[in-house]
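Visitor: Sequence:
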Amino acid sequence: MTNATNRIEFERYSNKSETGSSIEFLDSLNTFNGWKTILSIKNAWVKYNSVDFGKEKLKSLQVSAFSEKGSTLQIRLDKIDGPVIAELKVPKGTNWNTGEVKLLKHQTGIHNIIVMLKDKNSIDIE
23 MTNATNRIEF
33 ERYSNKSETG
43 SSIEFLDSLN
53 TFNGWKTILS
63 IKNAWVKYNS
73 VDFGKEKLKS
83 LQVSAFSEKG
93 STLQIRLDKI
103 DGPVIAELKV
113 PKGTNWNTGE
123 VKLLKHQTGI
133 HNIIVMLKDK
143 NSIDIE
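Taken in order, the sequence shown gives residues 23 to 148; the numbers are from the numbering used here.
Don't read these hints as lab results, they were simulated from the structure. Check before you lean on any hint, since a few could be wrong.
Unchecked claim - Simulated restraints, written as ranges between beta carbons of each label pair:
1) N28 <-> T53: 16 to 26 Å
2) V106 <-> K142: 35 to 45 Å
3) I102 <-> E31: 14 to 24 Å
4) N52 <-> L80: 30 to 40 Å
As the list claims (entries may be wrong) - Derived pair list, reagent style DSS-like, types lysine-lysine, alpha-carbon separation capped at 30 Å:
5) K101 <-> K81
6) K111 <-> K81
7) K142 <-> K127
8) K101 <-> K127
9) K91 <-> K114
10) K38 <-> K127
11) K38 <-> K140
12) K114 <-> K77
13) K127 <-> K81
14) K77 <-> K142
15) K111 <-> K77
16) K111 <-> K140
17) K64 <-> K101
18) K38 <-> K101
19) K114 <-> K127
20) K91 <-> K77
21) K64 <-> K38
Bear in mind the structure is a predicted one, so any value in this text is a computation, not a measurement. Cβ coordinates follow ideal geometry from the N, Cα and C atoms, glycine included.
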């Protein structure tokens with residue numbers, strides 16, 4: 023189980039869409055830099071199980087991502103058609119950006135988190 027206030031490493035996913043989702047090194051020449059998750063087609067997703075939101079009301083979340091053409095990422099609860107709790111617009115660019123987005127709904131307890139590409143422009147998530 024992962025606390026919702028900790029960094030969630032989506033490359034350690036529990037499940038992912040059959041197409042349009044992949045995991046790659048951040049830097050293939052320096053593999054110790056870690057991994058990134060790539061969502062490359064509309065509705066591609068990765069799921070991370072057992073995130074504990076606790077009892078306190080969390081107001082926002084942060085995502086480190088980039089998209090060469092700009093893109094929108096949705097955060098959903100429990101299943102791929104579950105409720106959207108956050109939506110993050112990632113600006114066009116090739117540099118990593120950490121975006122903060124307000125949570126749309128207050129959550130408590132333990133949930134699975136699904137990160138889904140809302141549109142067709144590829145996005146990389148750190």
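Visitor: Which numbered conditions among the earlier hints are violated in the structure presented, ordered from lowest to highest?
Guide: 2, 12, 14, 20
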